[in-house]
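Protein chains in written order, with the working numbering: chain A, 46 to 284; chain B, 46 to 284.
Honestly, the hints are just simulated from the structure, not real lab data. Check the hints yourself; a few may be wrong.
Below, a list of computed lysine-lysine pairs in the DSS-like style, where the Cα atoms sit at most 30 Å apart [stated by the list, open to error]:
#1 A:LYS110 to A:LYS186
#2 B:LYS110 to B:LYS274
#3 A:LYS110 to A:LYS274
#4 A:LYS95 to B:LYS95
#5 B:LYS282 to A:LYS274
#6 A:LYS110 to B:LYS110
#7 A:LYS98 to B:LYS95
#8 B:LYS64 to B:LYS110
#9 A:LYS95 to B:LYS189
#10 B:LYS110 to B:LYS189
#11 B:LYS110 to A:LYS64
Here the structure is a predicted model, which is why all the values come from computation and not from measurement.
2 protein chains.
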Amino acid sequence: MEHNFIRHSVLPQESDASKRITLSALGFMLLNAAGIDAESKGFGSIALFKDNKCWVVSRMAIEMKRYPTMYEEITIETWVEDFTAATTTRNFRVHDASDEIIGEGSTLWAIIDMNTRRAVNLLSYPEWATFATGETVAMEKPHKVGAADEEVERYRVRYSDIDFNQHTNSMKYVEWMLNTLDISQMQNHIVTRFDINYMREARFGQEVSICRCDDDDTNRFELKDADNKSLCRAELKWN
Amino acid sequence: MEHNFIRHSVLPQESDASKRITLSALGFMLLNAAGIDAESKGFGSIALFKDNKCWVVSRMAIEMKRYPTMYEEITIETWVEDFTAATTTRNFRVHDASDEIIGEGSTLWAIIDMNTRRAVNLLSYPEWATFATGETVAMEKPHKVGAADEEVERYRVRYSDIDFNQHTNSMKYVEWMLNTLDISQMQNHIVTRFDINYMREARFGQEVSICRCDDDDTNRFELKDADNKSLCRAELKWN
Chain A
46 MEHNFIRHSV LPQESDASKR ITLSALGFML LNAAGIDAES KGFGSIALFK
96 DNKCWVVSRM AIEMKRYPTM YEEITIETWV EDFTAATTTR NFRVHDASDE
146 IIGEGSTLWA IIDMNTRRAV NLLSYPEWAT FATGETVAME KPHKVGAADE
196 EVERYRVRYS DIDFNQHTNS MKYVEWMLNT LDISQMQNHI VTRFDINYMR
246 EARFGQEVSI CRCDDDDTNR FELKDADNKS LCRAELKWN
Chain B
46 MEHNFIRHSV LPQESDASKR ITLSALGFML LNAAGIDAES KGFGSIALFK
96 DNKCWVVSRM AIEMKRYPTM YEEITIETWV EDFTAATTTR NFRVHDASDE
146 IIGEGSTLWA IIDMNTRRAV NLLSYPEWAT FATGETVAME KPHKVGAADE
196 EVERYRVRYS DIDFNQHTNS MKYVEWMLNT LDISQMQNHI VTRFDINYMR
246 EARFGQEVSI CRCDDDDTNR FELKDADNKS LCRAELKWN
């Protein structure tokens, strides 16, 4: 009951030239699994939306031993670890068809009141306490990611980037980042750990500065708006 | 047996700001349904690939009465109408949960020998004849689309555009086209008929010229390479 298992087969449009699932498609799967689990427990976006509130993911980390490939059947296991006043921690395991754990994920979520744009105290929902399993993952929890200052590209937010929330879909940030790297890096290496911190939403037509700072086996990214305010920071560690 | 029914629930990342499924996500669903059906009948890409051959879609047309929305459960019905030496016609119906037909599709496919890059005679597979149902759709078949000459944008092919075939995913063309239009058009209108003709593949790093020609309720698009050769043409008719 506390853990939910969501099966998914990797679609062609979720795979890249190496036939492995893309990082953004994998992130989408975790977010969708989170949505399905939250709905099944009565605290999903649909219920919150009626109350003019919504879930926002503030941090996400993923560690992968290997990436599933096109048409591979995987199962996303997800559960809530804990609630605090400000955030809830939701964890994930990625199982392959032989039930080996090929990856883990951990996310931090907050609830925003869409009228006031302020965070809602999650402990004001005592009925949710029963879903806090206390169970953690083996990986390190999502990090705070440092700054990156060198602009490598500018990107204007397009129709295909905008989702039902009227702002940029959170995984599109990841696509923009990966698009600045050399394609051979994606073909010859995999991201073993991915951290992303979300600060602000990017909207249609907005121009975004993509900054990057490279270091041995790590790329650190920062997306900034026209006022130099940080939209998002991410760190990709490669094998 | 001849018709296959594939259920799918519209995911958040498949929906746009209007919460309706995007045209590219809908196109992906039809292509995936085609793949699932072909595999189940023994003539899918996996089998062909071993023989160094692959299916390519040359034309697709979709007519929609309404677009399903986020989380809506739909069923894609697909079947083969016929085989000729050059192409096979595969049709689709989109059913909603109350089994109303909300749209139809029709596609033309050829098989390419990946060594010679030449088309394979489909009638050289007599065992497939049994799958030709002769059954058509109510909509008009895929059109030949005319030219469009006015360049509205240039686009460089990115990592996130490339799929397992090592070239641009066919539905990415549609995203690039829609991204040149005013977002209010997408929010206030729907595409009632969509035609696309595929001519050439776009590869990583290639610069593509997006040309468009607008006429009352229709946008015609042409994508061209640096030698002014046509990659693809499409026509979108709006309500």
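Which earlier hints can't be squared with this structure?
-> Of the numbered hints, 2, 3, 4, 5, 6, 7, 9, 11 do not hold.
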